[in-house]
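Chains E and C are the protein sequences, given in the same order. FYI, this note's numbering numbers position 33 of the first sequence as 33, with every residue one higher than the one before it. Counting the second sequence from 1 gives a position; this note's numbering is that position plus 62.
Since the hints were derived computationally from the structure, they do not count as laboratory data. Predicted model, so just to flag it, every value in this text is computed and none were measured. Watch out, some of these pointers could steer you wrong.
[Said to hold, decoys possible] Residues on chain E that point at chain C, a partial pick, calculated with CB under 8 Å:
(1) TRP9
(2) SER25
(3) HIS27
(4) GLU28
(5) GLY50
(6) ARG52
All C-beta atoms in this analysis are idealised placements derived from N, C-alpha and C, irrespective of residue type, glycine included.
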Amino acid sequence: MWAFSNVYWLVLPLVVAISLVYSASRHESWPRIWSRSFRLCLWILAILIGTRAILLLINTQV
Amino acid sequence: MSQQRISLRDPVKAAFLAWLVPGLGHYYQGRRGKALLYAICILGIYLVGFILGEGKIVYWRWVNPLSNPEKFAPHYIGQFFVGLPALPALIQGTIRHFAPDSNFLWGFMAEPSQIVLNGMILRLNKTLEIGIIYTTVAGLLNILAIYDAYEGPAYIDLDEAEAEAEAARTQASASGAKAEGAV
Numbered sequence: 001m002w003a004f005s006n007v008y009w010l011v012l013p014l015v016v017a018i019s020l021v022y023s024a025s026r027h028e029s030w031p032r033i034w035s036r037s038f039r040l041c042l043w044i045l046a047i048l049i050g051t052r053a054i055l056l057l058i059n060t061q062v
Numbered sequence: 063m064s065q066q067r068i069s070l071r072d073p074v075k076a077a078f079l080a081w082l083v084p085g086l087g088h089y090y091q092g093r094r095g096k097a098l099l100y101a102i103c104i105l106g107i108y109l110v111g112f113i114l115g116e117g118k119i120v121y122w123r124w125v126n127p128l129s130n131p132e133k134f135a136p137h138y139i140g141q142f143f144v145g146l147p148a149l150p151a152l153i154q155g156t157i158r159h160f161a162p163d164s165n166f167l168w169g170f171m172a173e174p175s176q177i178v179l180n181g182m183i184l185r186l187n188k189t190l191e192i193g194i195i196y197t198t199v200a201g202l203l204n205i206l207a208i209y210d211a212y213e214g215p216a217y218i219d220l221d222e223a224e225a226e227a228e229a230a231r232t233q234a235s236a237s238g239a240k241a242e243g244a245v
């Protein structure tokens, strides 16, 4: 029923929700919440993609 | 403390409401925007996870995790903090503990049998795990929301601006004293 072509797309809404909720719990002003959550979202995605790239690299070299 | 500048009304009641339904505590405090954000994000993530797991991944069973780790459902500890949407699982788990043959609420959110679980693992594979992660993370995120309802946000812009102004004043007076000393 829920056969996604690539389950990695499911990471995206999770990361967005985590960033928004975390930033909202730290700040009260909306411009700051949006900007901080956007930054956090990019950071998390960058770390995930970077880690994935390193693991892929190791896997292809071994 | 910065928290005193926002009216938190009754923080204990707000925290309880925030646990009961994500966003409800903030709605009670009059922080409607945040209430909507928490409700959409937390309930949305929970709902997506619940659907991905075909409604059979939120369940609880009363077992000793040390003597029976295979039967223990640790993900429910996270899911529990979503509040009302995950509460039937705790009620079902408790009823089934005392009356194993009970068909309360037609088994809604009751622990699925091992055969059903095995079938789901084979059929859904990673999607099942992602469903568990979604619902568990939703509960963990609600802990942040509960804390925000109880204690208020960690930073407030006004305080940050005041802190910056204070730092600038301190720096100015320090540099002024240094200049006087030089003269």
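For each hint, the structure was consulted:
For E/TRP9, the interface hint is violated, the least distance from its beta-carbon to any beta-carbon of chain C being 10 Å, above 8 Å. Below 8 Å, beta-carbon pairs count as interface contacts, and E/SER25 has one with chain C at about 4 Å; its hint therefore holds. The criterion of a C-beta within 8 Å of any C-beta in chain C is met by E/HIS27, whose closest approach is roughly 6 Å, and the hint holds. Contact between E/GLU28 and chain C, as hinted, is supported at the beta carbon level, the nearest pair being about 5 Å apart and thus within 8 Å.
Taking 8 Å as the C-beta cut-off, the interface hint given for E/GLY50 is violated, the closest approach to chain C being about 20 Å. Violation of the interface hint for E/ARG52 is found here, the shortest Cβ-Cβ separation to chain C being roughly 15 Å, above the 8 Å cut-off.
The structure shown violates the earlier hints numbered 1, 5 and 6.
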